[in-house]
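**Student:** These are the residues of each chain, in order.
Number of protein chains: 2
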Amino acid sequence: MKITSSSNKVIKNLMKLKQKKGRDETNSYLVDGWHMVEEAMTAHLAKQIITTDESFMSDVDTLYVSKEVMAKLSFTKTPQPFMAVVSKKEDQLQLCERTLIFDGVQDPGNVGTMMRSACAFGFKQVIFSNDSCDLYNDKTLRSTQGAIYKLNTYRGDLQEIIPKLKQSEVKVIGSALRDALSIDQITTSDKMAFVMGNEGKGMKEETLALCDQALYIPISAMESLNVGVAAGIIMYTYRR
Amino acid sequence: MKITSSSNKVIKNLMKLKQKKGRDETNSYLVDGWHMVEEAMTAHLAKQIITTDESFMSDVDTLYVSKEVMAKLSFTKTPQPFMAVVSKKEDQLQLCERTLIFDGVQDPGNVGTMMRSACAFGFKQVIFSNDSCDLYNDKTLRSTQGAIYKLNTYRGDLQEIIPKLKQSEVKVIGSALRDALSIDQITTSDKMAFVMGNEGKGMKEETLALCDQALYIPISAMESLNVGVAAGIIMYTYRR
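Chains as they are written, first to last, in the numbering used here: chain A, 1 to 240; chain B, 1 to 240.
Just to be clear, a hint being listed does not mean it is correct.
Just so you know, same-sequence chains aren't split out, so a pair can sit in one copy or run between any two.
What the hints assert, rightly or not - Listed below are the simulated SDA-like cross-link pairs for lysine to any residue, each with C-alpha atoms no more than 20 angstroms apart in a straight line:
#, residue 1, residue 2
1, 139, 106
2, 77, 190
3, 2, 74
4, 12, 240
5, 150, 180
6, 166, 28
7, 124, 220
8, 139, 109
9, 164, 93
10, 77, 200
11, 88, 171
12, 204, 106
13, 124, 221
14, 150, 219
15, 124, 76
16, 139, 107
17, 18, 216
18, 201, 33
19, 201, 80
20, 191, 220
21, 77, 108
22, 164, 94
23, 139, 199
24, 201, 35
25, 20, 106
Think of the hints as simulated: they come from the structure by calculation, not from any bench.
Next comes chain A alone, as it looks inside the complex (with noise of 0.2 angstroms):
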């Protein structure tokens, strides 16, 4: 059975995944596109895949829909035939080798491309501040390209993570502009978390506070690196 109409209760329930509201209710968000669909089924954590093809087979749960219910689902502007709704995972706390921070990075796309390079340097864990942009934001999901079926994910107050990441022998380190050790000046531990700010303030002091050092990237005459890419040169360098 195909759904050919948006105003359909099932489509309007789909709805609701767009926002932030809808996503928590439910646990579970929205993902565009055969990439990222695919990325789900193989995580296990796809519980219905959304599809104009009606020749599309699954064990997963499926809805088929006409073009015009995908074009009011879809994200994009182009729909392309492939939608699921994912389950969020429910990751606790983690003590491992690497991980990366989020105190307050607001740019979606920022979030996303650095789950991307965290992913793709061995990092297996991705920590968002209380104020952190929303993980399941469409925008960070597609800029992730699959990393968050890979990484764990948590969310809370750093004011508490920190210290307990502390207790258990992860070195913490933060990022900052000046008054820190300049990258190469680290140590590298076993077990190591970095700490990224937001785009325009970097990182809170009161979270800065709480790190074992703070590095900075040498640069020159500009006042600092795309927070994405400093996330990425850091990770390059203390990849496992």
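Based on the hints, put chain B in the right spot on chain A.
**Tutor:** The following block gives chain B in isolation, referenced to the frame of chain A:
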């Protein structure tokens, strides 16, 4: 005198600078926000300042406009009190120590971010293939964070440009995902140029064929890095 109507001829002419055609015809472009305006003035490239601030005084020709007119001219939803008309520099191809080359890079944000990193890591020149995105697009300009004024920029056919660079002892290094040397296996030279490819397709085969060598950044779990992140790591590694 303050212009209060967007149908004023002066404003209509300024509006033409929002299109590539208008920028090409006048060899000038619009920038938005005090930071970009200030940097343009410092670089002696600001032809005209546009402002809602009637108390603003400058040696540069200044056009006073109403908030409504500024809202029309601005690229952002929340217009700032300053914009400027900036002259394109008439740059020639240079043989500097470090050059970044774009081979079909499409996303304005990526291009701007890479120019920002280039400047920060002591690169002096950025070369655009003819099919790379427009440098004077407002999103590109915003992402450069002023780096546009500090870099030599040149646009043309890479099939002509790369051989010229090589004839003058510039070592030209392509980027690839495989069949290349690891980033740390490249010998540093006095003059180097690094080529970054299109977001989806990477470098063109014919461009890669012209390079002295190609490098890749070793990653795991993901297919690739964001091009801006990859360029950041490469330029950091071979910074001046």
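**Student:** At most 20 angstroms between CA atoms: does that hold for residue 2 and residue 74 within a copy, between copies, both, or neither?
**Tutor:** Classified as within: same-chain Cα gap 17 angstroms, cross-chain 45 angstroms, threshold 20 angstroms.
**Student:** Are the CA atoms of residue 201 and residue 80 at most 20 angstroms apart within a copy, between copies, both, or neither?
**Tutor:** between (37 angstroms within a copy, 19 angstroms between copies)
**Student:** Please sort residue 150 with residue 219 into within, between, both or neither, judging by C-alpha distance up to 20 angstroms.
**Tutor:** Cα proximity of residue 150 and residue 219: across copies only (14 angstroms, versus 32 angstroms in one copy).
**Student:** Could you place residue 139 and residue 109 in one of the four classes (within, between, both, neither) given a Cα distance threshold of 20 angstroms?
**Tutor:** Answer is both; intra-copy 6 angstroms and inter-copy 14 angstroms each pass.
**Student:** Which holds for residue 124 with residue 76 at a C-alpha limit of 20 angstroms: within a copy, between copies, both or neither?
**Tutor:** neither (29 angstroms within a copy, 37 angstroms between copies)
**Student:** Evaluate residue 77 and residue 200 at a C-alpha cut-off of 20 angstroms and name the case that applies: within, between, both or neither.
**Tutor:** between (30 angstroms within a copy, 18 angstroms between copies)
**Student:** Within a copy, between copies, both or neither: where do residue 139 and residue 199 come within 20 angstroms Cα-Cα?
**Tutor:** both (17 angstroms within a copy, 16 angstroms between copies)
**Student:** Using 20 angstroms as the alpha carbon limit, work out where residue 164 and residue 94 are close: within a copy, between copies, both or neither.
**Tutor:** This pair counts as within: shortest intra-copy Cα distance 10 angstroms, inter-copy 53 angstroms.
**Student:** Is the C-alpha distance from residue 88 to residue 171 at most 20 angstroms within one copy, between copies, in both cases, or in neither?
**Tutor:** neither (28 angstroms within a copy, 48 angstroms between copies)
**Student:** Is it within, between, both, or neither for residue 77 and residue 190, if the alpha carbons may be no more than 20 angstroms apart?
**Tutor:** Neither, since 45 angstroms and 46 angstroms both go past 20 angstroms.
**Student:** Give the relationship of residue 139 and residue 106 under a CA distance limit of 20 angstroms: within one copy only, between copies only, both, or neither.
**Tutor:** So residue 139 and residue 106 pass the 20 angstroms test inside a copy (12 angstroms) and across (18 angstroms) alike.
**Student:** Given a CA cutoff of 20 angstroms, do residue 77 and residue 108 count as a within-copy pair, a between-copy pair, both, or neither?
**Tutor:** both (18 angstroms within a copy, 18 angstroms between copies)
Violated hints for the displayed structure, listed by number in ascending order: 2, 4, 5, 6, 11, 15 and 17.
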